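So the protein sequences, as listed, match chains U and E. According to the numbering used here, the stretch in the first sequence is residues 1 to 225, in order. According to the numbering used here, the stretch in the second sequence is residues 1 to 313, in order.
Worth flagging that the hints you see were computed from the coordinates, not collected in a lab. Since we're looking at a predicted model, the values are computed, not measured. Possibly wrong hints are sitting among the right ones.
From the structure, some residues in chain E lie toward chain U, with a derived Cβ separation under 7 Å [claimed, not checked]:
(1) Ser-51
(2) Arg-52
(3) Tyr-70
(4) Gln-216
Below are the SDA-like pairs computed for lysine to any residue, each with C-alpha atoms no more than 20 Å apart in a straight line [as the list claims (entries may be wrong)]:
(5) Lys-160(U) x Arg-64(E)
(6) Lys-160(U) x Val-93(E)
(7) Lys-61(E) x Phe-28(U)
(8) Lys-160(U) x Leu-60(E)
(9) Lys-160(U) x Arg-32(E)
(10) Lys-86(U) x Phe-28(U)
(11) Lys-160(U) x Val-131(E)
(12) Lys-86(U) x Gly-38(U)
(13) Lys-61(E) x Val-163(U)
(14) Lys-46(E) x Lys-110(E)
(15) Lys-160(U) x Asp-68(E)
(16) Lys-160(U) x Arg-52(E)
(17) Lys-110(E) x Arg-124(E)
(18) Lys-110(E) x Val-131(E)
(19) Lys-61(E) x Ile-52(U)
(20) Lys-61(E) x Arg-77(E)
(21) Lys-160(U) x Lys-157(E)
(22) Lys-24(U) x Ile-52(U)
(23) Lys-61(E) x Arg-32(E)
(24) Lys-157(E) x Val-93(E)
Chain E is nowhere near these chain U residues, computed Cβ spacing over 10 Å in every case [unchecked claim]:
(25) Asn-7
(26) Glu-15
(27) Val-61
(28) Ala-70
(29) Lys-83
(30) Thr-155
(31) Pro-156
Idealized CB from N, CA, C, for every residue including glycine.
Residue-level listing of the chains:
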Amino acid sequence: MITLKINGLNVTVEEGTTVLEAAKFLGFPIPTLCHMEGLSPYGACRLCVVEIGESPKSRLVSSCTYPAEAGLIVRTSSARVVKARKMVIELLLATCPQSKVIQDLASEHGVRQQRFRQEHEDCILCGLCLRMCSEQMMAHAIGFRGRGEHRSLGTPFDAKSEVCRLCGGCIYVCPACQLRCTYNQPEKAICGGCGNLEPPCVDKPQFDDMMCYMTPCVACEIKKD
Amino acid sequence: MFAYWNAKFDFIGEEDMIAEEVARVVEKHADRRGALISVLEDIQQKYGYLSRGALEAVALKSRRSLVDIYSVATFYRAFSLSPRGRHLVSACVGTACHVRGAPGVVEELKRRLGINPGATTTDREFTLETVNCLGACALGPIVVVDGRYNPNVGVAKVEPIIAKAIRGSEADDALHDERIFPLNVQCPRCGHSLLDEAHLVDGQASIRLRGNADGQSGWINLSRLYGSVHSVTDTLFPNDSITSFRCPNCDHDLAGPVHCNDCDAPMVPLGITGGGIVQFCSRRGCPSHTLDLDSGRSGATAAFNAPERGSAS
Ligand code: SF4
Ligand code: SF4
Ligand code: SF4
Ligand code: FES
Ligand code: FES
Numbered sequence: 001m002i003t004l005k006i007n008g009l010n011v012t013v014e015e016g017t018t019v020l021e022a023a024k025f026l027g028f029p030i031p032t033l034c035h036m037e038g039l040s041p042y043g044a045c046r047l048c049v050v051e052i053g054e055s056p057k058s059r060l061v062s063s064c065t066y067p068a069e070a071g072l073i074v075r076t077s078s079a080r081v082v083k084a085r086k087m088v089i090e091l092l093l094a095t096c097p098q099s100k101v102i103q104d105l106a107s108e109h110g111v112r113q114q115r116f117r118q119e120h121e122d123c124i125l126c127g128l129c130l131r132m133c134s135e136q137m138m139a140h141a142i143g144f145r146g147r148g149e150h151r152s153l154g155t156p157f158d159a160k161s162e163v164c165r166l167c168g169g170c171i172y173v174c175p176a177c178q179l180r181c182t183y184n185q186p187e188k189a190i191c192g193g194c195g196n197l198e199p200p201c202v203d204k205p206q207f208d209d210m211m212c213y214m215t216p217c218v219a220c221e222i223k224k225d
Numbered sequence: 001m002f003a004y005w006n007a008k009f010d011f012i013g014e015e016d017m018i019a020e021e022v023a024r025v026v027e028k029h030a031d032r033r034g035a036l037i038s039v040l041e042d043i044q045q046k047y048g049y050l051s052r053g054a055l056e057a058v059a060l061k062s063r064r065s066l067v068d069i070y071s072v073a074t075f076y077r078a079f080s081l082s083p084r085g086r087h088l089v090s091a092c093v094g095t096a097c098h099v100r101g102a103p104g105v106v107e108e109l110k111r112r113l114g115i116n117p118g119a120t121t122t123d124r125e126f127t128l129e130t131v132n133c134l135g136a137c138a139l140g141p142i143v144v145v146d147g148r149y150n151p152n153v154g155v156a157k158v159e160p161i162i163a164k165a166i167r168g169s170e171a172d173d174a175l176h177d178e179r180i181f182p183l184n185v186q187c188p189r190c191g192h193s194l195l196d197e198a199h200l201v202d203g204q205a206s207i208r209l210r211g212n213a214d215g216q217s218g219w220i221n222l223s224r225l226y227g228s229v230h231s232v233t234d235t236l237f238p239n240d241s242i243t244s245f246r247c248p249n250c251d252h253d254l255a256g257p258v259h260c261n262d263c264d265a266p267m268v269p270l271g272i273t274g275g276g277i278v279q280f281c282s283r284r285g286c287p288s289h290t291l292d293l294d295s296g297r298s299g300a301t302a303a304f305n306a307p308e309r310g311s312a313s
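Build the full structure now, drawing on both the sequences and the hints.
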């Protein structure tokens with residue numbers, strides 16, 4: 001058992017517990033995006049930053065991947081943490097403003113605008129879907145491809161996967177398309193589900209089956225050609 | 001049960017060969033964890049690129065999922081998933097080369113080859129790529145063609161570089177490099193010429209010797225160009241092994257009394273027709289060699305064929 005101090009409170013946890021879990025245990029909220037119980041920690045979104053150590057030597061780490069250490073001093077909502085977190089949210093908004101999950105995060109943290117070039121990516125590369133696919137569905141059908149700005153998610157060679165179980169798990173966990181856009185159903189076009197003042201569906205024809213790797217998709221029954 | 005273990009792939013003809021080759025490569029690295037990159041490197045080396053069939057075969061043989069293999073193959077710049085040309089032209093566009101004019105060089109390469117970086121010409125002769133710093137910034141802009149560094153490349157140098165690649169840079173260098181010239185050698189014992197017109201090394205008749213190392217014996221043909229370390233052999237002598245050389249005519253062991261300065265293996269002396277001795281180290285992979293001309297004898301320099309120059313154009 002290890003004892004560490006979170007926001008001034010001592011907490012004793014088992015070895016191997018992450019700082020995030022320890023903080024949850026005490027009831028301190030830490031927002032997360034790429035973390036999900038049942039999937040291995042990945043540390044991609046940096047939303048769960050906390051400050052560890054004492055100034056001037058304190059530093060920011062992602063709490064979902066940082067293991068609890070004896071005597072560790074953690075602050076989950078210091079000014080520095082809040083500033084970093086807002087920046088992360090701004091960056092997420094700049095990448096994928098159509099995501100309901102990201103919009104909710106922004107509103108929760110009082111982020112009303114972002115300062116960067118606006119893009120409309122289909123994917124924030126959080127890696128939830130591939131961990132879902134390989135760790136829970138044991139299918140290993142999708143994964144990262146390329147690197148840097150060419151990094152993307154999908155099946156090898158973009159080919160129809162022979163091992164996909166058509167379970168829909170990847171879509172279920174995806175923050176970019178969790179609330180599925182209904183653009184593909186003509187009678188429901190411009191549904192407002194994403195809460196955008198300028199819904200991206202209007203000028204993005206391929207928006208219909210964005211992060212879906214299944215052909216035909218069991219969720220929206222679109223057939224890709 | 002993982003479905004990819006028994007997923008079926010239709011291999012025919014060449015693909016059968018690929019599958020066999022892949023099986024061999026995977027087998028070779030089987031005892032090492034994390035050998036995936038070595039496996040892919042070997043396959044890329046063999047075929048010049050990683051075909052879909054090859055990657056699927058790797059998945060099948062190494063019992064890894066295709067997703068992971070594809071991730072690795074697309075992550076590293078060293079791997080190519082489309083066929084590459086016979087000549088690889090890499091233009092450095094790193095910071096130093098950039099300020100020294102690399103963008104203009106890349107434009108010229110694009111114009112001359114008619115392709116964009118990352119692409120291969122339709123005749124499969126050239127692949128053009130850009131790289132970010134090759135660690136030779138002071139010599140920039142750098143253009144590497146088939147592993148050879150061309151320093152200080154300006155727009156005007158692009159055309160000769162491409163022409164040289166087409167001609168084959170090896171032959172060219174041997175003819176133009178003043179340090180490299182052919183020797184006429186003979187056995188120091190029986191005086192028989194060691195030159196072998198039937199086997200060419202560096203485009204010239206070679207020095208043919210019998211070699212014996214680690215219980216294996218076979219023919220070794222050394223380049224007769226002084227300064228060239230090229231050789232051809234019919235036997236796989238392990239690197240670093242000390243080879244004992246014999247004259248094919250008198251079968252005398254050629255090892256001499258002098259030992260290599262670098263690795264202490266015996267040096268092998270060969271006589272130069274007309275006077276002088278050339279010695280080379282008997283350890284495979286050691287480039288050490290010396291040339292002794294008996295300078296007291298006026299005829300010594302006549303032992304060398306004058307380097308042929310300018311005949312390449
Ligand atoms: S639908 Fe296919 S790709 Fe998505 S999680 Fe399930 S098996 Fe994986
Ligand atoms: S597709 Fe969705 S779940 Fe998968 S990495 Fe992208 S944003 Fe995350
Ligand atoms: S259909 Fe348009 S408005 Fe509705 S969720 Fe999709 S993008 Fe938003
Ligand atoms: S939740 Fe910790 S980095 Fe994403
Ligand atoms: S920038 Fe070209 S070699 Fe360093």
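For this session: Of all the hints given earlier, name the ones this structure violates by number, lowest first.
Result: 1, 4, 6, 7, 9, 11, 12, 14, 19, 20, 21, 30, 31
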